[in-house]
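**Q** Could you put the whole structure together from the sequences, leaning on the hints where they help?
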Amino acid sequence: MPDANFAADKAPDAAAPDLSLIICTLNEGAAIRSVITEIAGHLSGLNYEILVVDDDSKDNTAAEVSDLGKSDPRVRLYVRKGERGLSSAAIRGWDMARGRVLGIMDGDGQHDPVAIRALADMILNGDKDLVCASRYIGKTDTGLSFIRDLGSKAATLATGLVLKAPLTDPMSGCFMMTRDWYETARPNLTGVGFKILVDLVASTKVRPRFGEVKASLRQRQGGESKLDIRVVLDLGALLIEKATNGIISARFVLFGLVGVSGAFVYAIILALSHSLLRVDGGLPLYRYQVRYDDIINYGLAIWLSMTWNFYINNVLTFRDKRLKGWPMLTGLLGFYFACSIGALLSLGVAILLKDYFGIHWFAAGISAALLSGVWNYWGAKAFAWNQKKGTN
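Residue 832 in my numbering is what sits at position 64 of the sequence shown, and the numbering runs on without skipping anything.
Heads up, some of the hints might be wrong.
As the list claims (entries may be wrong) - Okay, derived cross-link-like pairs now, DSSO-like style, lysine-lysine, Cα gap no bigger than 27 Å in a straight line:
(1) K838 x K896
(2) K849 x K1122
(3) K896 x K973
(4) K849 x K1092
(5) K826 x K838
(6) K1122 x K826
(7) K849 x K838
(8) K849 x K826
(9) K849 x K896
Keep in mind the hints are simulated off the structure, nothing from the lab.
**A** What follows is the structure, encoded as structure tokens:
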């Protein structure tokens, strides 16, 4: 995807470098200059480029990188507008990179440049397809807190069940690979979340010739940790997608989880409104008299649960396409529209399955709910988050 920023900062035409190192950033202006300067010193003697893919940081990250690029054409900058997410940023960087070996590291200074040079030397020898910095070789300190270390080990165990690859640290954010091996995985990459190494290894049937280097995390020089509950959910959703060979997408899993949370919101609102709201009278509907308070109670619960689902999906499921300002309002209306059709579809299918095909009422309801969930997901993408952004 062409971009004015990339055109302006692109290095002059030259022979393709041996190594393209991608650094994905978001508000890491306090660290990025020293990180690039330090790693450049350790890559001395190699033919390399450093491409910083920035998610439109609100601090001085882009300015710092641009300033470095003025004196060193091997340092390039690409600023993504309206897109977020480490995995999709990494994919964008690798797609634009020119090297025969592609790498990635963080922009906050936690990755040891000595280990990065060791990775470069290992893969440039030509007998490896993928080399990673691992925190779990030997018994030395990982550099993580006890809680984060425990969580990382649990994620590593779960990931190993799906990947069946010789990775001691599949959560690693510092690794290098040949372009040829990357291209075998590229068509199937999800681009969701932060764990791009998991996405890569699970997206190709080509088992890589693999190597590792021991590397503990250093003290962060700037920026903030991006680890939160969303990262955990992203990883779980990604593993489900890969375990089902893409039949169930990671984004659909997240959408479904949000839908479950919306059901709880619906139940809570319905219980509260039913106990607090009493309105006399009603309206005739078909052969029944529908009470006004029932209409209000159910309508309020449906409206608020749909609103909840929209906002949570906006910050979780579709955060790489997050809506703000006026597009958020139009997206919300589009979401209401899609989900309203989904509700009518669910009702109609349930009645059809129960009354026409004689299916048990519970099975009919579950089947209808699943069908409407698929519709709601498609409708949400079509009517709410329909911007053509990202890699998936």
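**Q** Does the structure keep K849 and K838 at a Cα separation of 27 Å or less?
**A** It holds: about 22 Å lies between the C-alpha atoms, which stays within 27 Å.
**Q** For a C-alpha distance cap of 27 Å, please report whether K849 and K896 respect it.
**A** violated (35 Å)
**Q** Between K896 and K973, is the straight-line Cα distance small enough, at 27 Å or below?
**A** holds (16 Å)
**Q** Are K1122 and K826 close enough, with their CA atoms no more than 27 Å apart?
**A** violated (55 Å)
**Q** Does K849 pair with K826 here, judged by a C-alpha cut-off of 27 Å?
**A** Roughly 12 Å between the alpha carbons, so the hint for K849 and K826 holds.
**Q** Taken at face value, is the distance from the CA of K1092 to the CA of K849 at most 27 Å?
**A** holds (13 Å)
**Q** Between K826 and K838, is the straight-line Cα distance small enough, at 27 Å or below?
**A** holds (21 Å)
**Q** Do the alpha carbons of K849 and K1122 lie within 27 Å of each other, as the hint requires?
**A** Given that 27 Å is the threshold and the Cα spacing comes to 49 Å, the pair is violated.
**Q** Holds or violated: K838 with K896, Cα cutoff 27 Å?
**A** Given that 27 Å is the threshold and the Cα spacing comes to 34 Å, the pair is violated.
This entry does not satisfy hints 1, 2, 6, 9, going by the numbered hints stated previously.
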